[in-house]
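Chemist: Starting from the known structure of chain A, arrange chains B and C on it as the hints suggest.
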Amino acid sequence: MITLERRPEPSRMWQALTPVLAVVLTMIAGGLLFALLGKDPFEAIRTIFWDPLFNPQFASYSRPQLLVKAAPLILIAIGLSLGFRAGIWNIGAEGQYIVGAICGAAVGLAFYPTEAIYIFPLMVLAGAIGGTLWAMIPAVLKIRFGTNEILVSLMLVYVAEQLLASMALGALRNPDGGGFPGSRNLQQYPSAANPELIAGTGAHWGVVAAFIAVIAAYVLLNKHLLGYQIKLTGQAPRAARFAGVRPNVLIALCLGISGGLAGLAGLFEVSGPAGQISIDFNSFYGFTAIIVAFLGRLHPIGILLAGLLMALTYIGGELAQFMLGIPSAAIQAFQGMLLFFLLGVDVLSNFRIRIKPKQVA
Amino acid sequence: MDLSSINPLILLASLMVASTPILLAAIGELVVEKSGVLNLGVEGMMIVGAVTGFIAAVNLDSPTLGFIAAALGGALLSLLFGFLTQVLLSNQVATGLALTLFGLGIAALMGQNYVGIRAPATSDVPLGPLADIPVLGPVLFQHDAMIYISIGIVAAVWYVLTRTRAGLILRAVGESHDAAHALGYKVVRIRLMAIAFGGACAGLGGAYLSLVRVPQWTEGMTAGAGWIALAIVVFASWKPWRALLGAYLFGGITVLQLNLQAAGLKIPVEYLSMSPYLITILVLVIMSRDRTRAALNAPAALGKPFHASS
Amino acid sequence: MGDPWGNHDWTCDLSVLLTVDGLSKAYPGVIANDDVSFSIERGEVHALLGENGAGKSTLVKMIYGLVRPDSGAMTLSGAPFAPPEPRAARAAGVAMVFQHFSLFEALNVAENIALGMENPPPLRDLARRITEVSEAYGLPLDPARLVGHLSAGERQRVEIIRCLLQDPKLLIMDEPTSVLTPQEVDILFATLRKLKAEGTAILYISHKLEEIRALCDSATILRRGKVVATCDPRKKTARELAEMMVGKVLQQTKASGADLGDVALEVRGLSLPPATQFGTPLRDVSFEVRQGEVLGIGGVAGNGQDELLAALSGERGTREGVFLNGQPISKLGPTARRRVGILSGPEERLGHAAAPDMSLTENALLTGHVRENLARNGFLDWRKTRAFAERVVNEFDVRTPGVSSVARALSGGNLQKFVIGREVLQNPDVLIVNQPTWGVDAAAAAAIRQALLDLAGQGSAVVVISQDLDELMEISDRFAALNGGRLSEAVPAAGLTLDQIGLMLGGAHDMEPA
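Protein chains in written order, with the numbering used here: chain A, 1 to 361; chain B, 1001 to 1310; chain C, 2001 to 2514.
Here chain A stands alone, though its shape is the one from the complex (with noise of 0.2 Å):
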């Protein structure tokens, strides 16, 4: 009989290890899924894994994309991870991103044709704004009624998708675009635009922000009182109170702060990698970004690799797709395969497994 058995401490060694044994299971996992859909498992896992970085046919293409595709996730990831540690469940990060790029685009397209220095900044402010009033609808809801975020914050990402629609279709259509629904290209206007810094790395304003926020939330979480106020509310409320925690300011804040870094990457991704809002302009960044958290342990390094592989599954995906024709859904679904072992394997390092011989009754 198998027994789980509670450990007095968690194990720090399985708490490294686990995100590993995740990777490991969900490859084996899915190279028996991708067996399944008829196509060589070995070749399709080197396809997604190896090929995009090393491969020299593909690397050169693939590699910068990899900072492209993880820079929003680990940008939206960070900020959820704030609200999870602190038992705050901000899961519409999605909606937020749309709104975060419709503000931002729309202060850019605002000044259209006007070239100047201060556009590009104010619309990263738009942006973050954006997002940030998005999440704090969930938020105040809770404040002032206790009304579950979860919901409310997925609720809205469909409404936030039906914004988009009609912003595409209406507002921001680009006016000298013959009728096509979709804004002005802000890839093509300068002073709104969200280039690559550094040729032939991928690396856009996003990715710096990125990198500013996985260090500053580092800082915060290891440095900080309002760091440790987060995760001592997640982990004992009542204990959080009594340290003198004021619940209602951490949900304002770890909702804001989620839902600003998340409309900070819809900015930058519609001033740079899509370059237009269009209908289909959000493209579930905000729900892998749960999966990158999770991966990532909540802890901002952890989020840093999780989601660099997180984007090389999609990268990789795509490659997989085009090169064995192994369906784009395939790659979600490995996806979400990734978070369920993962969240399996982590009773590891709060439990330990006993095998005893049945006792005889």
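Please keep in mind that the hints were generated in silico from the structure rather than gathered at the bench. Zero decoy hints are in this set.
Cut-off 30 Å, straight-line C-alpha distance, at most; resulting in silico cross-link-like pairs (DSS-like, lysine-lysine):
{"no.": "1", "chain 1": "C", "residue 1": "K2226", "chain 2": "C", "residue 2": "K2196"}
{"no.": "2", "chain 1": "B", "residue 1": "K1186", "chain 2": "C", "residue 2": "K2169"}
{"no.": "3", "chain 1": "C", "residue 1": "K2235", "chain 2": "C", "residue 2": "K2196"}
{"no.": "4", "chain 1": "A", "residue 1": "K223", "chain 2": "C", "residue 2": "K2384"}
{"no.": "5", "chain 1": "C", "residue 1": "K2208", "chain 2": "C", "residue 2": "K2236"}
Please read these numbers as outputs of a predicted model, since none were measured by experiment.
Modeler: Same frame as chain A, now just chains B and C:
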């Protein structure tokens, strides 16, 4: 705008069709939550139910077998959640989210060869003369069997929860798993059964979307229905008949805004499409304003992990 | 011995109900029970005596089928008895009243009782039987009331009646009097004696010596998981029993005898609505404590203790009525109150006073950062925090591998010493503690009481909220009783009799069915 094009009778009849997927998912989740487990993976279980039901129905050319397959598919997926949260003691919120993300992916994968196919038709239940009653007949008595089954499930859940020993035990487990364990009840086993029931109901709800409401398979077709079902459980204060009321109210709003879109109301389509979600938020706010009343029926152990240390 | 087969075998003795033979149970890092043997006769009240952590609870859980022994055997009425689950134990005639009640607050009395029975009759019939049995044993109870609305004493009645409805041969009672007023204890004892007269055996678990001497026919004494003695408690003095239980002579705490100074904390007309659905509101609470004084606040569980602590620590907002050294502090939150000198220690160690999965260093920061200057502009000084945690560990003899151990890895007594030490070392003007020695071994409890007295000796005002009347009588200068959220007038503790205290606590007022 031509409001006269909206036929109130058709509106009422289609209300039941629009409500049923959410009702099924909500009543299942209600049972799960009454046992003290918060499964946020309803959306994932619904969409997996939608695709398995569709595949089975198309291949076996039988909607009935489709619904059975959907219930099995939803239950199977929910047991994955059950194993992780009840046996491996993972965080319920995170695992529920994972279930949704995984479900969306796996469903898209399973359904990729089924896009654009029409589902085999589901016939109405022959209720004979009842169906011919003017007004009431078309509204209430010209529907497929699943609508009546869903109402039957609500009634059964109500009966079991309030009138039977099994229901009492389920509520006790959701109220305090430690006390239930001390009395010798198998907390984990009872919760796993509740989770599987919730999964089966969500699967049926999903299949109702793909087999009756739409009726075909498209990626991401649940479009938040699972999350709305979760909100309806809160709206219902964990009472089965109020879940029915909530689902039908919500279905009514959905149908009404669709009709308004068709009638060419001067509000842009996107804003009408937002309305169900905004109204859900509004309802959640109203329900949570009075905290003590909602708390009276909320299972006290909801979402708390249970580990029998002794 | 009238043993026809001539071998010494308890199981053949018809008067013996339960035998426990060599039961052992080990958990990681601790042997809870080590080769425990004893027997109980029919109609006997048998005491299981031992201090916290001696292994009493594990032993009865094995008898009740909640825990499987690693080795050893039991017999019941001469037949082998190894219940795999409580259901089997109940079917064999063993019933148990838990220390922490196994009740469901949101369900009514009848539903709660039905859940503890194997084949309960329909609820309507059950309600009638509950009324019958409760009247027969003098334990009035309304079957339709929600358990969440009952007092602790009434809840215990629910558990007892649940047991009685099954006609048990053996009734196990785990620390039953800890939630009762002295008058309620008398009523309970009358019920138990009646049961005994009817032939029911009772296994009575307690660490209260006088009770055991008053009620029990025989006693098995456990220390660190082992049986150290079996005796007739009526023939031993309380002191002899205590020495057998603890294993050494305990130092008596000694009062500091400090002179009382000015009024440090004054509470005037404090009212507070309940925090939760089944909570207790505070109603017009007034008292004052002087510098150097220990005020004991007694009361049965659930009469507003948690609410009073929350109102004084600042966790629950108060609009008016709290003054420190004459200054109003009602509107201050927990951090601001600490800054002005009012500190507190809540009852629940894990999850309230300390975060279970955080290290002792992090837990030192929890309340210490204001007065110990552990943060500058919000940036934490971990070195200083660690030093503070180490100071608490050293000065209060907290047994731990180090300050990086997480709180839940410590034993109850050691964690409580850490929690109290953390507050005492911050030199508070006023310290309020709730249940400071609850579930703590005797040595740690004595050390904590001494620390509180020493603090008062240095001129601080100390408020001790406790359900342990012996403790309050030992350390308080004045005593007040909390009952239904109301606080009685504080009276000098010296010379109070148990009866007087009982009446202050509300006597047995809830004996009338509501």
